[in-house]
Amino acid sequence: MNELLIEFLGGFTKTNQWSAILPEIMLGVLALALLGAEMALPKNKQTLIPRLAIWGQVIVLLVVIGCVGWCNVGESEYFSGLIIQNDMTQIMRAFFLVSSIVVCYLGQIYLSKQSLPKTEFYALVLIIAAAMMLLVQSANFVMLFVALETVTVAFYVLVAYSRTSQFSLESGLKYLILGALSSGILLFGIVLLYGIAGSPELMGSSRDSLNYNELANFITLNTNNLIGVDNMIVKIGALLVVAGICFKIGAVPFQIWVPDVYQGAPTPVTAYLAVASKAAGFIVLIQLLHGPFISLKEFLVPVLSVIAAATILFGNVAAVTQRNVKRLMGLSGIAHAGYLLVGVIASLYVPWAVYAVIFYLVTYLLATFAVFGVMSLAADADDANQELDHYENFARKRPFLGGVLVCGLGSLAGIPPLGGFIGKLFLFVAAFQAGLYGLLGISVLGVVISIYYYFGWIRECYFSAPSIEVVDDASCSATLADRILLGALVVATVVIGLLPAALPIIR
Amino acid sequence: MTVGLNAFILLAGLLFAIGMFGVILRKNTLVIYMSLELMLNGVILALVAFSRYNGTMDGNLFVFFIITVAAAEVALGLAIIVALFRLRQSVMVDQLTSLSR
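Those protein sequence lines, which keep their order, are chains A and B. Using this note's numbering, the letters of the first sequence map in sequence onto residues 225 to 731. Using this note's numbering, the letters of the second sequence map in sequence onto residues 188 to 288.
Take the hints with a grain of salt, since some may be wrong.
Claimed, not checked - Footprint (simulated), chain A over chain B, 3 or more residues, beta carbon under 8 Å:
no.: 1; segment: 203 to 217
no.: 2; segment: 227 to 233
no.: 3; segment: 251 to 261
no.: 4; segment: 269 to 280
I should point out that these hints are in silico values taken from the structure, not numbers from a laboratory. For every residue, glycine included, the Cβ atom is placed at its ideal position computed from N, Cα and C.
Kindly produce the complete structure, drawing on both the sequences and the hints.
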């Protein structure tokens, strides 16, 4: 009896791989601990909660970097193929943690101006970070779906977080309807692929057809053998899955939600959507295109090329006439999604382009958070109403914030000494090596247009006619901690621009 | 009489298409919600049918995840609709235009 028990426990410890997702578990526990702390702490100690959230995440970040290793961990599979970890997922884990730390900090600034419940915000941000870390590691469609829905459902709450503002609620409703629609489309694609790849009558059919590798084997075996309906089903399935992902990254036929949601959502949530949610979508797209859909390259590349070209042109042209800065960031974010799509397409021909995409995402993170940090500090209580006109003489009133804004916008536009320039350069070199000359031309045209509206904002800050009275309102003064955070973002942008090798992604 | 796999998939596709057109064309948010559920039900029907005819359990298991997620989405969506109705006294999509400028 005893030996049986020992044998059973031995088998149990062998399959115990929970330590592989230790950072995610820590984040989940931290999120619950925050909710507990809100009940336990007295009213005057509630300010400890954001600090607990931020420093807790810093510890998790150290765990990710230290114990799990920064790079070159090789590829390892856990939970019988549900999760695969490799270099890219390790980098993205750190990426999501950094972005959730910054979002928690921006949330603290935002919530201090509103009368809203506070703790739930941090708990939801942490849960989203954990789910996105799982999302980029998933190697099975069930895992993908569950992680993706955890992210989106938590985002529905965050977008509609300001319950008393009709803008926030309206954008939450729009995001929810369109997000649920896109999830439905993604699911239908998954189901078609599951059905066809598991069909016992077809060659190479799999018992585990929701797994990426099994599906890739099936599609590779059958690309030339399938005829008629079966071939159609594989293609429609793949197309629906890609369409569902394109929704999340805001590529063109599915971009309608972006401006409205970005304007209505609280500013830190907009920043989170713009950086982390988009990055997760791109990593999932890369994994799908390099995994299950690698044999459908000839079919998917033309579709994605058209989407990329339309995305770049639409985002840039629509942003030119925009006066609301949150909508402006949303529309320019669509354009950035277009450049990144070019990189994703290039990565199917030149393998190092994957790292160009990640490098671009990192520079995009630094620059976007710098801009949104300034916006959070400059916004008044009415969060959705942030017009370009509010930035008249901004640099004269707030020289430090003005400087940060110029660096962030310059990096987004791709001005040479800053990180965004190197990021764009890598993407364009990758596109050139892959022979995507048409897309390259459209991207360069898009960058030229983008300089117009980014510099329009900078002009508003520095060169607008001095207004009658310069009101020195204390509400948007930057504290020391604000300065340290924004300064760090700017310094990182400049350092990456001058020494791209400082980032361990580039070897 | 046995019903073939194609009949199930056709019905599932039809449910999905009806739901999708409902989401795109209807103006009342509550009806849009029902249409979203219809889409998911189409997906679930297809999953169960494939699962039965392929002889694997994965599809049946996946259904539970989908139902759970759909329940969470509906709970959240109704909360948002109620909060919005308190502010605006309307649940029609064409009156939700405070953001588009």
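Structure-based check of each hint:
no., hint, in the structure
1, 203 to 217, "holds (count 5)"
2, 227 to 233, "holds (count 4)"
3, 251 to 261, "holds (count 5)"
4, 269 to 280, "holds (count 4)"
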